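Could you put the whole structure together from the sequences, leaning on the hints where they help?
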Amino acid sequence: MERKPGPVGGASLFSMKDREYGDTMPQKCPHIPHVFKVIERMPESLIAIMDALPYLLQGSMVTLVVVVGAMGLGFALGAPLAAGQVYGHPALRRFIAVYVWFFRGIPLLVFLFLFYFGLCTAFDINLSAFAVAIIVLGLISSAYQSQIFRGAILSLPEGQFKAARALGMSDFKAISFIILPQALRLSIPGWSNEYSILLKDSAVTYALGVAEIMARAHFVATRTYQHLPLYFAAGVIFLVLTWVGTKGLRLLEERARIPGYSPKGL
Amino acid sequence: MTAPILRIENISKRYGKKDVLKGASFDVLKGDLKILIGPSGAGKSTLLQCINFLVKPDEGRIWLDEQEVHYAHKRDLCAYRQKVGMIFQDFNLFDHLTALENVRIGMVRVKGMGKAEAGERAVMELERVGLREHMQKYPAQLSGGQKQRVSIARALAMDPKVMLLDEPTSALDPELIGEVHAVIRDLGNNGMTMIMATHQIGFASSLASEIVFMEDGRILERGTPDKIFNHAENARTREFCSKITELYGERG
Amino acid sequence: MTEGWLYIQAEVYPALLKGFWVSLQLIAPSALCGLVIGVMVGVLRVYGNRPVMAAANAFVAIFRGIPLVVQLFIWYFGLPHIGIYLSPFVASILGFSLCSGAYHSEYIRGALLSIKRGQMLAAQSLGFSKIRMISSIILPQAIRRALPGCGNEIIYLIKYSSLAYMITCIELTGQGKILASNSFRYTEVFLMIGACYLVMTSVATIILGRVEEHLRIPGFERQRT
Ligand SMILES: Nc1ncnc2c1ncn2[C@@H]1O[C@H](COP(=O)(O)OP(=O)(O)OP(=O)(O)O)[C@@H](O)[C@H]1O
Ligand SMILES: [Mg+2]
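These protein sequence lines are chains A, B and C, in that order.
Residues in the first sequence are numbered consecutively from 368, following the numbering used here.
Residues in the second sequence are numbered consecutively from 10, following the numbering used here.
Residues in the third sequence are numbered consecutively from 5, following the numbering used here.
Hints were generated in silico from the structure; no laboratory data involved.
Model, not experiment: these values are computed from the prediction.
A few of these clues could be false.
Unchecked claim - Which chain B residues face chain A? A few, computed with CB under 7 Å, are given here: (1) 14; (2) 61; (3) 63; (4) 87; (5) 90; (6) 91; (7) 101; (8) 147.
Unchecked claim - Pairs of lysine-lysine residues, derived as BS3-like cross-links and limited to a Cα-Cα distance of at most 30 Å, are as follows: (9) 39/B - 236/B; (10) 163/C - 614/A; (11) 540/A - 236/B; (12) 170/B - 252/B; (13) 529/A - 26/B; (14) 39/B - 529/A; (15) 120/B - 170/B; (16) 236/B - 529/A; (17) 529/A - 124/B; (18) 146/B - 540/A.
Unchecked claim - Cβ-Cβ distance ranges computed for the label pairs, FRET-style: (19) 413/A - 186/C: 36 to 46 Å; (20) 465/A - 218/C: 54 to 64 Å; (21) 68/B - 538/A: 15 to 25 Å; (22) 465/A - 141/B: 51 to 61 Å; (23) 187/C - 410/A: 45 to 55 Å; (24) 186/C - 456/A: 26 to 36 Å; (25) 217/C - 141/B: 50 to 60 Å; (26) 217/C - 435/A: 38 to 48 Å; (27) 456/A - 248/B: 43 to 53 Å; (28) 133/C - 435/A: 50 to 60 Å.
All C-beta atoms in this analysis are idealised placements derived from N, C-alpha and C, irrespective of residue type, glycine included.
Here is the structure:
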């Protein structure tokens with residue numbers, strides 16, 4: 368049995384287009400009582416996990432790049448969307464509401480297929496699966512992040528805006544220097560949640576062949592017939608990444624915290 | 010007679026069917042301290058906010074230094090607001106900035122001054138209200154009286170020609186009112202033009218150049234403190250003054 | 005134009021209808037089981053004894069922390085490793101129920117904790133047993149508070165039901181993929197699929213809003229404070 372997986376020829380760190388997924392059926396094993404089977408196969412399972420670990424950890428770098436990229440894109444789009452939805456012209460507000468409804472109402476998988484197989488081909492745009500993954504996750508995240516910021520903006524007392532205006536600030540300045548800096552601080556808990564959602568959603572990009580953790584686990588599993596241990600290992604890596612990221616954001620929250628200033632209503 | 014520094018003519022405002030202001034007019038001379046008194050809901054806050062166009066009046070015109078203010082022009086409006094300082098009942102300090110940054114941000118972001126220069130000026134203003142040693146604190150770390158003094162410093166840093174004060178001490182504990190009054194008194198002695206809504210008539214009668222009594226969106230009576238408090242013509246004014254004297258103690 | 009219509013009538017419409025039906029068969033039982041699991045786990049996390057509470061918390065941490073795709077792969081591709089074989093359909097429902105149950109339990113738990121102590125004291129003073137108190141005094145209040153969150157979770161479930169396709173359960177998205185691969189009309193087909201999901205999530209949002217409105221008690225604040 369071949370045990371050294373490693374990327375097959377031609378597959379880069381970021382994509383594994385050389386295979387179709389979903390074509391693998393569960394491998395039948397002779398029938399032995401389940402508990403014994405786990406124990407009996409324990410040693411080979413452990414070896415399989417240890418062998419695949421470096422390869423999976425490489426995948427976690429890809430996952431992190433996708434997640435951070437999507438969060439950044441979502442932030443860059445989400446913050447102005449939120450400001451527009453709270454302070455904008457009624458027509459703009461309606462447009463943003465439709466945008467949010469659209470990107471929150473359709474599954475990620477459908478968007479991935481639509482962009483990668485549909486739009487990219489139709490408009491002859493040559494994007495890698497990796498780039499499409501970041502763009503699609505980022506667009507969806509922008510809809511969610513805009514609602515996080517919107518809630519934060521609405522929870523600020525109205526007097527903040529009034530005081531800024533009374534100093535002679537234009538609305539644009541008041542929003543960028545007074546409202547957003549406060550709203551962003553209040554948004555950190557929401558962000559931490561968004562991070563863990565993106566992290567989990569990034570596993571779906573495996574459907575396009577992005578070589579993230581899940582894709583690699585499946586790749587190795589179909590070659591070593593060690594499905595359960597490898598998915599288990601992938602799950603543990605995700606748990607660790609969630610934990611580390613949430614911890615990091617909590618530190619950020621701690622550092623950005625203003626003494627005596629407690630977020631209300633979030 | 011010198012020309013008035015601020016002139017307000019026929020300001021009206023309605024919310025839905027309710028007329029909150031029914032044509033208020035007055036002139037303010039340089040160095041005046043005009044005090045607005047009147048029962049709750051009379052429209053004092055609304056009038057002050059209309060003067061700064063934080064609430065857009067439905068009707069009425071305003072002149073500052075004989076220049077009519079065209080508040081529909083965004084640029085004119087921002088320029089006008091720099092010259093009119095506003096102090097709020099609930100302070101409205103920017104919660105994410107320290108006392109120093111609160112005072113500095115208007116100079117940096119609105120006037121376009123350099124950070125260092127603005128910082129020096131901010132320290133000066135904080136010193137003037139007696140808060141130099143608290144300048145690195147965040148609003149939540151300051152007492153109510155300190156917050157209100159920071160907000161006065163913030164307004165002063167913009168070099169306003171007129172200050173609007175909306176019940177600056179009504180959210181404060183009685184023992185903190187004095188420190189804010191001292192700052193305001195000091196401002197008045199230095200010739201600042203102010204319009205102030207307050208229920209503190211002891212303070213009002215000792216300092217005001219004119220008292221304006223409002224009720225139900227109208228200016229009912231106006232005059233020197235002595236006239237309003239001791240020889241008011243209008244029965245409603247007399248009634249209100251005697252009630253408020255009972256509530257807020259002796260006038261000084 | 006007419007060719008397009010023919011294609012839609014002859015191929016797209018029946019396929020999407022079939023896929024839509026499978027999706028509904030996935031979503032409805034999963035939503036129901038998920039809610040039941042969520043309520044049970046939520047109650048155990050608040051009122052259980054130490055070990056039970058710890059076990060319930062661990063369940064939630066694991067099922068919320070691991071991506072649903074990984075969970076589905078474990079149920080479908082992983083369990084055969086120890087001799088258990090599930091059909092794609094059953095594996096999907098199992099995965100959806102457990103995962104959304106873990107999420108529901110978060111809202112239920114938050115709502116339970118938000119109920120004022122006085123309610124419990126009053127119930128106890130009337131002689132309610134613990135189980136009676138929870139089921140007839142606490143839960144009816146908590147469920148109203150948890151409803152907005154749980155409703156959201158059901159909307160998520162509708163969207164995540166598309167992941168069943170990844171373990172070869174051919175529902176709406178799967179039918180779309182097959183159609184698109186045969187006709188190479190990816191954009192049109194996936195826009196139509198997207199529209200179907202939009203209809204489902206929007207209708208679900210409206211229904212959940214109605215339910216919330218219907219269950220509303222005057223003066224009983226819906227938001228947790
Ligand atoms: N945004 C608004 N929408 C509707 N009505 C308003 C609004 N703001 C103020 N009002 C109404 O306008 C009237 C005057 O309010 P205003 O705050 O100016 O009174 P005031 O004299 O400052 O009273 P107080 O002494 O209590 O501060 C009140 O009846 C109030 O209900
Ligand atoms: Mg007022």
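Next on the checklist: Check the hint pairing residue 170/B with residue 252/B against an upper bound of 30 Å on the C-alpha distance.
Outcome noted: Not satisfied, since the Cα-Cα distance of roughly 34 Å exceeds 30 Å.
Checklist entry - How does the Cβ-Cβ distance of residue 465/A and residue 141/B compare with 51 to 61 Å: does it lie in that range? => result holds, 53 Å
Checklist entry - Does the hinted range 43 to 53 Å hold for residue 456/A and residue 248/B at CB? => result Hint holds: Cβ distance 48 Å, inside 43 to 53 Å.
Item to check | Satisfaction of hint between residue 236/B and residue 540/A, Cα-Cα up to 30 Å | outcome: Between residue 540/A and residue 236/B the Cα gap is close to 46 Å, so the pair fails against 30 Å, i.e. violated.
Next on the checklist: Quick check on a hinted range of 45 to 55 Å for residue 187/C and residue 410/A, using CB atoms only.
Outcome noted: holds, 49 Å
Checklist entry - With 7 Å as the cut and Cβ atoms as the points, is residue 14/B at the interface with chain A? => result Cβ of residue 14/B sits 18 Å from chain A, so the hint is violated.
Next on the checklist: Between the beta carbons of residue 186/C and residue 456/A, is the distance compatible with 26 to 36 Å?
Outcome noted: At roughly 45 Å between Cβ atoms, residue 456/A and residue 186/C fall outside 26 to 36 Å, so the hint is violated.
Item to check | Restraint outcome when residue 91/B is required to lie within 7 Å of chain A by C-beta distance | outcome: holds, 4 Å
Checklist entry - Taking 30 Å as the top limit, are the C-alpha atoms of residue 146/B and residue 540/A close enough? => result holds, 24 Å
Next on the checklist: Quick check on residue 87/B please, does its C-beta sit within 7 Å of some C-beta on chain A?
Outcome noted: At about 5 Å, which falls below the 7 Å cut-off, the nearest Cβ of chain A leaves the hint on residue 87/B intact, so it holds.
Item to check | Satisfaction of hint between residue 236/B and residue 39/B, Cα-Cα up to 30 Å | outcome: Answer holds: residue 39/B to residue 236/B is near 22 Å, not above 30 Å.
Checklist entry - Minimum Cβ distance from residue 101/B to chain A below 7 Å? => result Holds - the Cβ of residue 101/B comes within 7 Å of chain A, reaching about 4 Å at its closest.
Consistency with the previously given hints fails for numbers 1, 11, 12, 16, 20 and 24, ordered from lowest to highest.
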